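Engineer: Here are the chains, one letter per residue:
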Amino acid sequence: MTTNRMRELAELAVPGAAIGAAAGPVAMAMALVVSQPVDWAAAQGLALGLPLALLGGGFGLLLGTGRVRPGVFAPAALYWFLGFPLARLLHEVLAGLLIAGRPAPPADTLGFLAYQAMVSFGFALGFTWLHERFAPRWLHRIRAHNPRADRLYGYYLRHAEAQWQTRENRRRARADRRVVRQPALSRTKGES
Amino acid sequence: MEASKKPAPSQQVGSATGSSAPPSGDPSITTATVGGGATTQERVWRAGRLEPMPIRELPDPPPSVHLLGPTVFLVALGVGMGEAYMWPRLVLVFGPEIRWLFLIGVTLQAFVMLEMARYAMATGESIFFGAARVFKPLMWFFFTAAILVYIWPGHLSTGAAAFEQVTGIPWVVTAIVGLIAVGIIFSLASVIYSLLENVLGILIGVLVVGTAVAASLVGQWSDVTATLGGMFHFGYFPEGSLSKTWFPVLVGAIAFAGPSGMQQMWYTLHLRDSGAGMGAHIPKVRGLRAAGDEEEMPSRGFMFDTDNPAEMRKWKGWRRWVTFDALLLFWGVTMLVTISFTVLARTAARENPAVGDIIRGGDREASLTAMADAFASAGAPVLHGIFLGFIALIGLNATLGLFDSFSRGQSDMTYHFVPGAKRFGVSKLYAGFLWGVITFGIVILLFGPADGPGAILDVLAFLSTFAMGAYCVVLLLVNNRMLPKPIRPGIVQNAVIGFGAVFYLGMLFYSLIRFGVVVD
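Going down the list, the protein sequences come from chains A and B. Just so we're aligned: the first sequence equals residues 69 to 260 in this note's numbering. Just so we're aligned: the second sequence equals residues 28 to 547 in this note's numbering.
Warning: the hint list may mix true and false statements.
[To be verified] Quick list of the computed label-pair ranges, beta carbon to beta carbon: (1) B:T252 x A:G126: 25 to 35 Å; (2) A:R73 x B:G256: 44 to 54 Å; (3) B:K271 x A:L154: 49 to 59 Å; (4) B:K343 x A:R205: 25 to 35 Å; (5) A:P215 x B:F259: 43 to 53 Å; (6) A:G169 x B:A317: 56 to 66 Å; (7) B:R377 x A:G126: 29 to 39 Å; (8) A:A142 x B:S249: 26 to 36 Å.
Rather than coming from a laboratory, the hints here were simulated on the basis of the structure. All of these numbers come straight from a predicted model, not from anything done at the bench. Note that CB positions come from ideal geometry on N, CA and C, so glycine has one too.
Whole structure, please, built from the sequences with the hints as guidance.
Structural biologist: Next up, the structure:
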């Protein structure tokens, strides 16, 4: 894989990775607000943010390579149904390693995974919602040098153009109707 | 030609005397005479005694099932203290089985949302306009109720109090700064809807991701299964739930499940501004700074040709779009947030039984603080700040959504039905209501009831609940009498909305007559 291709793919992963990673810094910042030690807060933030960032980036790659269609919820729900429990398991293990020096997996791993899979629906919904907000703007910035981003951006663009065109047609129709009515009103004023 | 007696074009549409004109009040598509010197015939839809709606083309529905839409406003307004506090409290008091009432409440609201959307997307008119078409005093009732219920800044106080817990900034300061900031931002925006949709979209996305992560950190499998399982214990009324103490609380919690009060009615205005269905033919409301760019607001909405199969296909596409919004975004997000907060409340009570007692006691602020403290002391200090941050975020969402919605609804009714108001334009009327409610809010926060945040929310709960029963009745009348037959609701939808009217009004008056208490 060439460096260029790697860079292109990495760029596609940015919005998803950023949203996934946001869980970490938010947790860390909140821990600091309530006066927890910096290293403790950083360990929690890293252990949670890193796996979610990697998985979030992975979802961006699936979108960028055309394996998943943008704006559709079901693939995102399935992706996080598998990915979110895995990320939380890694979080538990990593946090234990970083804070206590030994991994601390949950006692009932299966029950833990089942619970996390259930919660994943909510995470998937919020993730997709935010991704749909941020991704088009990011793709617009990188599309000039990234053909994959350009293709994905094209999808969003076509969607926006279709809506814009419809709106313009209606606006024009409204304006035309006003023009047709205007002379009649002028005549009304002029006549006795 | 006796031109001076000729009415203005819009009046000519309304006063059509075409040969096919029906008896007054009977909705039907007829031909009317429009235009000035160049007389043309135009088909119109007559609904009620107000101006008929010209027939226009229904725009194409969105090309794909897209995630983002005006539901974001309903979610922002709907996910509030009912989800974050009232229902978790009831679960701690009566057990998770009580949640069957929440399921009914939110599902009912999803149906209401779909029926509100039916009228708004078919006509581009708000439900207030629809109510006026049936009987004008109905609309004036909602106009007055909105002022009485929503002019108070109570929705700001709980969120601002949570913010004070996290930052130490006094809640009154936060609330007043927030009020002024909202006014300035909305006034500077070019198109208010677009700005708000973006801001609320991000805030709700953060809230949804955050509550899911928080619930995943502290909850247990048993919490979720119990919470979910409790939703299907239909008919469960534990001992004490029908008492004078708890029944009004229960009624209030059901009314606050999802959007409460008039929030669903305002959704019709957001749908219109988002360009959904025939709303695409109506110009958008602009901020005060861009009021000069405003296109003239038509004096009524439009109808599409329901006899045309191609148009009906598009209509079905729009219905699919809004149904997706109602089921996944509205129902799904509301359920998710309340399940997450219930899991958090159960965890807090498990870690510290004293918290359970405080929550059962009913002091909202003390309960929320106690829950946050419980997370801190139970080895999850991160969640102290996160939890209070979410409460502040819910308050911010509600404030942004409510101020916009209130101003939008009142300016719409004023523009169309207060004589002489049209000369100001909708954008200036919107700004007038916005700054009016902000000024009143600041005065109340500074000199009003000083018995702590949250207290002023409860006083107006009666009117709020009554409005919900009333809008169900209005929906039945408007959708069944003011729309063409092919797009009227079916028997199932009518039955559910009829049930909603009986449900809200019945519970409210039962509580009032049986216990002498409205809602709590």
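Engineer: Does each hint hold? Answer for all of them.
Structural biologist: Checked hints:
no.	hint	in the structure
1	B:T252 x A:G126: 25 to 35 Å	holds, 29 Å
2	A:R73 x B:G256: 44 to 54 Å	holds, 49 Å
3	B:K271 x A:L154: 49 to 59 Å	holds, 51 Å
4	B:K343 x A:R205: 25 to 35 Å	holds, 33 Å
5	A:P215 x B:F259: 43 to 53 Å	holds, 51 Å
6	A:G169 x B:A317: 56 to 66 Å	holds, 60 Å
7	B:R377 x A:G126: 29 to 39 Å	holds, 35 Å
8	A:A142 x B:S249: 26 to 36 Å	holds, 28 Å
Violated hints: none; the structure is consistent with every hint.
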